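Asker: Grab the two chains, each in its own frame, and use the hints to assemble them into the complex.
Chains A and B supply the protein sequences, listed in that same order. Residue numbers are given in numbering that gives the first Met the number 0: position 31 of the first sequence equals residue 30, and the series is strictly consecutive. Residue numbers are given in numbering that gives the first Met the number 0: position 33 of the second sequence equals residue 32, and the series is strictly consecutive.
The set of hints was computed from the structure by calculation and includes no laboratory data. Small disclaimer: the values here were computed from a predicted structure and weren't measured. Any given hint might turn out to be false.
[Claimed, not checked] Subject to a maximum C-alpha distance of 25 Å in a straight line, what follows is the list of computed DMTMM-like cross-link-like pairs (lysine to aspartate or glutamate):
{"hint": "1", "chain 1": "B", "residue 1": "LYS93", "chain 2": "B", "residue 2": "GLU69"}
{"hint": "2", "chain 1": "B", "residue 1": "LYS95", "chain 2": "B", "residue 2": "ASP71"}
{"hint": "3", "chain 1": "B", "residue 1": "LYS93", "chain 2": "A", "residue 2": "GLU399"}
{"hint": "4", "chain 1": "B", "residue 1": "LYS93", "chain 2": "B", "residue 2": "ASP71"}
{"hint": "5", "chain 1": "B", "residue 1": "LYS93", "chain 2": "A", "residue 2": "ASP441"}
{"hint": "6", "chain 1": "B", "residue 1": "LYS95", "chain 2": "A", "residue 2": "ASP441"}
{"hint": "7", "chain 1": "B", "residue 1": "LYS93", "chain 2": "B", "residue 2": "GLU63"}
{"hint": "8", "chain 1": "B", "residue 1": "LYS95", "chain 2": "B", "residue 2": "GLU39"}
{"hint": "9", "chain 1": "B", "residue 1": "LYS93", "chain 2": "B", "residue 2": "GLU80"}
{"hint": "10", "chain 1": "B", "residue 1": "LYS95", "chain 2": "A", "residue 2": "GLU399"}
{"hint": "11", "chain 1": "B", "residue 1": "LYS95", "chain 2": "B", "residue 2": "GLU80"}
{"hint": "12", "chain 1": "B", "residue 1": "LYS93", "chain 2": "A", "residue 2": "GLU434"}
{"hint": "13", "chain 1": "B", "residue 1": "LYS93", "chain 2": "B", "residue 2": "ASP35"}
{"hint": "14", "chain 1": "B", "residue 1": "LYS95", "chain 2": "A", "residue 2": "GLU434"}
{"hint": "15", "chain 1": "B", "residue 1": "LYS95", "chain 2": "B", "residue 2": "GLU69"}
[To be verified] Output of the computed footprint for chain A on chain B, the stretches with three or more beta carbons under 8 Å from beta carbons of chain A:
{"hint": "16", "region": "47 to 61"}
{"hint": "17", "region": "82 to 91"}
{"hint": "18", "region": "126 to 135"}
Cβ coordinates follow ideal geometry from the N, Cα and C atoms, glycine included.
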Amino acid sequence: MAPPGRFADGLRLESHKARAMRHRLRAAAAPACAVIALDQGRGDADPVVGPGDRVFVGTPIARPASGVAATIHSPVCGIVREIAQRETAAPAGSGPCIVIDSDGSDARDPRIAAPALESLGPEDLIARILEAGIVGLGGAAYPTGVKLATARERSVEHLVLNGAECEPWICCDDALMRERADDILLGTRIMMVTCGARRATIAVEDDKPEAIEALRRASSALGDDRLEVVALPALYPAGAEGPLLLAVTGLEVPHDAFPPSIGLLCQNVGTAAAVASWARSGEPCISRVVTVTGSGVGEPANLEARIGTPLAALVAECGGHRGEPRRLIAGGSMTGTALATDDVALTKAMNCILVATALDLVPRGEEMPCIRCGDCASACPAGLLPQQLLRAVTSGVTAEAGRYGLADCIECGCCDYVCPSRIPLTSRFRAARAEARALAADRQRAEAARRRFEQHQRRLAMQAEAERQAFEEARRLARGDGAGRSDP
Amino acid sequence: MSDPTVLPAIAVGAAFAAGMGAALGWAATRLRPDEDRLPEAINALLPQTQCGQCRYPGCRPYAEAIARGEADIDQCPPGGEATVHALADLLGRKAKPVDPQYGPVSQRVVAVIDEERCIGCALCLPACPVDAIIGAPRFMHTVIGSHCTGCGLCVPPCPVDCIELR
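Okay, chain B solo, but in the shape it has when bound (with noise of 0.2 Å):
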């Protein structure tokens, strides 16, 4: 410590070393990642079947988990490969593929009323999340194949087994 020239040296890196300390601390709390966004991103690149297999009640539910990182990418079978990138994409993460335990990747189906056996009961009307069925209690139903995600929610409340996905 007999130098004194390594004194202002000392003092220009504490300095350097608090300011750069002050700025990260001021940084890790105003600029955070906007933690609302993600589930936001997530969810718009899922497929809106409602269907639940990836075992969350619904897409938005399963993309909030993966924004919490419950949740893994590749639980999505309507998605299927296509999703997964997607969001192997937009996390910074490996595509792969879909875990068979949720289901396997099907071609886009749609729910198809049999109009002989429908009864007319109505009980397939509020499953269908995005309402793409019309009827009323003892009329014929039909399901409005444009509007359909495939999600075959309508299929176990039907009394009769008249709905088929194809």
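Isolated chain A (complex conformation) (with noise of 0.2 Å):
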């Protein structure tokens, strides 16, 4: 059935996914070594484990502290090394890491049960899924149990499950529909239940007719109507989540709120599959579908790997490097991250590892100023005119970048790759970004700073007003009243 919503502006790319598919989805070895990022994509967790102290498989190593950082669990049975500084994939390129040594056995946690699905209400399952760690496996990290707990408080109508993938190079979530159809929709119900959603749609592109087959038949064999499968047409970024809803449900998030605001919750199909995975066995989230991929890997394919495994051991168990890697990027081709090495560890996040060869890496030329053809505006899946923005951008206000709508900016890369003037847009507004996040920062530093300064002005002239009246006091005192005292 063809989806009712519109479809916003979006290109058609060479989707590199075949050579990964030719494989089955299989686990990757667990690491003899684990290295888990305190920062899994959304902030630094406090560790609650300390060096020396024995871990099992699923034990929780650290707890969120602030912001929305989600629980982490240990990934392997073993004794931790330490706590240190590592590479990760982090912006930073470096941050605290808790390293584990694994004993081989894969013992699990005693503690961890199957959950009793049926005598769970909606506000335990979302507690119990926030206390798995699972997070937005999509590559948004968010912590699942804050998404569906917020939902929930809205009363969301319909539940969005993205399966689009839209960016090029990535298909763990491909591999995944294929083969774990009936996860994704046991997650599904689960999160329906959480949040109240009356009914589910999971949005597939048109180029992965296998998956979108595999879901009908797991769908019709459940016999759930609330339920329902349907294919969009494979347009880059289809799975962002404000063109997705558009065009599943025809409503548009509004730029200043989210979803659950116009009743809809957008979850991956990975996060379900990981809810899933939880409610058949109680086992938290540490581990998650990747493609490891590109022209420089020897045989692509998905693996479903530990999280904490050297992404080195994952290029290694696809075959090893072939040709002379140029660039090893985390996600895809489009809004992934360069790496400066495979010395990192995989995280919650990390959907894609692209190892990419001269082959892959087209050369983009100098950059040339702007004709203002716009062609980056027509491309714009968010509706934005990146000409102007980078225009604001560039002459550093941040006012009229505020104005252009750079809070907006879903960074997909459309208008880098439709430019003839090949800017790099993309990486200016992410900058850019940055900026303004900071500046914000510093605001409310400044803001805070005020209220201490009126405050301690405040306590001054009391202070100043109880002296005179002390002062007031004691010549009352000494005139007359006090005359009757005798000096010592």
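Answerer: Here it is as structure tokens:
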């Protein structure tokens, strides 16, 4: 059935997914030494274990400190070696990591048991999903429990499962949908219970006919008429939240709001599968499916790998390097971030490892001045005017950049792709967004300082007034009433 | 003045001019820009270090001076380029670099007390405009890093020079 919605602008890109899809999804070997970044994509969590501690598979090792980090569980059974700075995929290039030496036994934490789903109410389910450390596995790594709780508060009507996977090279969701359609449907139904949604739509791009077929088969076997599978045209970035919801429901998320405020919730199919795997065995989120691909990889494939597995080990498991690797990218070719080294461990946010050779990297050529052709504006799926935004960003006036919708840029890279002057717009916008965030933090700090200063001033005034009164009182006593007292 | 048709035209013109004059007069008194709000808006853009480098005794007085047109927008070194840009945007003026006579624009700093040398005299406590120093007489003092604005006002009162901006 065709989805009812409207389609935002987008690009038809070469998908590069066939090579990795030649192999079935398989489990990667557990690492002998797991390196788990405390920042799994959403800020640091606080470690709750120390060097020398014995941990099992699934033992909690870090809890959310503040913000929206999620609980992290040990992916292996063994001894914590250290908590130290290691290279990570974070923008800073390194961060604190828990290093665990595996004893190879893979013994599960005895506390892990399959949840009694029937006896759990929606709130309990949300708390347990939060506790299981399940996060958005599409790449945002936002804690699923938090998202479900917000959706429940806003009584969301319609859950949309994102199986679009529009970005070139990435095919981990495709592999999951083909092989674990039942899991995805189970996870979807659990999430529907938690947020109170009355219907769910699984949206898949039409270049994945096997996945659509598998989901439809599983869905009709289940006979649940609240579930629907729709095929979207393969148009990058159909898998971005805004364009996806627009395509599936015809509703546009306001720029200053989020999907639950218009009764929608969007979750990745990988997240649904993680919820299902927790529901079946009680196992927390300690692994994910990751695509290891690129011309620089011998046998590209999708691996179910433990969080904390070094990327070098994952590449080795896929036939090792082939040719001369030029660039290692975490994520796809459009929105991925380049890594300086493969001595980085897998995080919950990493959906793809792309080892690119010269074959994959189209030379971009020199950047030239903007000729105001407007191609970027017609390509922008967020409906922005990238050329105007670029001008505002380069002139450094953040207020103007804000008026042109800097905060609404989804960093999809479409403008870069179509720009005939080869201007790296997205990276400029990304840098400007970081700058705007820093500026906002400064403003907040200044505001706090102003409040403290005003309190300080009030306190000084009160003290001065109290002193004056005490002085008056003392003088009054000295003049008359206190005459009866004798000095020592 | 022989053509009688010109008279209504003059009358209409005069009435129009009088009407517009009255409207403008009313607007000038009733729709006056809210003068109390401007210093507030300017103050909200200043870094609130209360350091006095602008030659005014704090951020609010400087904001009022800008609003009165006495002070320029380039007198705030702690705010740097970002503050000048924000002020220029608010006031519809041209941005310019911070005037070096008011001090160098530097990275964000915080005061750090060398605890070995602190004698617990408590002289720096009242100097801090944001109450970011904890201490009591004859007890070691320390700076709450997250509250410190790096204004440097605690440096001169210290008799043993144990406070440093880093």
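Asker: The structure should be examined with respect to each hint, and the outcome stated for every one.
Answerer: Do the hints match the structure? See the list:
1. LYS93(B) with GLU69(B): holds, 17 Å
2. LYS95(B) with ASP71(B): OK: LYS95(B) and ASP71(B) at ~10 Å, within 25 Å.
3. LYS93(B) with GLU399(A): holds, 14 Å
4. LYS93(B) with ASP71(B): holds, 11 Å
5. LYS93(B) with ASP441(A): holds, 23 Å
6. LYS95(B) with ASP441(A): Holds, at roughly 21 Å.
7. LYS93(B) with GLU63(B): The given pair, whose Cα atoms are some 19 Å apart, holds under the 25 Å limit.
8. LYS95(B) with GLU39(B): holds, 22 Å
9. LYS93(B) with GLU80(B): holds, 12 Å
10. LYS95(B) with GLU399(A): holds, 17 Å
11. LYS95(B) with GLU80(B): Given that 25 Å is the threshold and the Cα spacing comes to 8 Å, the pair holds.
12. LYS93(B) with GLU434(A): At roughly 21 Å apart (the allowed maximum being 25 Å), GLU434(A) and LYS93(B) satisfy the hint.
13. LYS93(B) with ASP35(B): With Cα atoms ~23 Å apart, LYS93(B) and ASP35(B) stay inside 25 Å; holds.
14. LYS95(B) with GLU434(A): holds, 20 Å
15. LYS95(B) with GLU69(B): holds, 17 Å
16. 47 to 61: holds (count 5)
17. 82 to 91: Coverage by chain A holds for the region 82 to 91 of chain B (3 residues, Cβ < 8 Å).
18. 126 to 135: This one holds; 5 residues, not fewer than the three required, reach chain A with a Cβ under 8 Å.
Violated hints are absent here; each numbered hint is respected by the structure.
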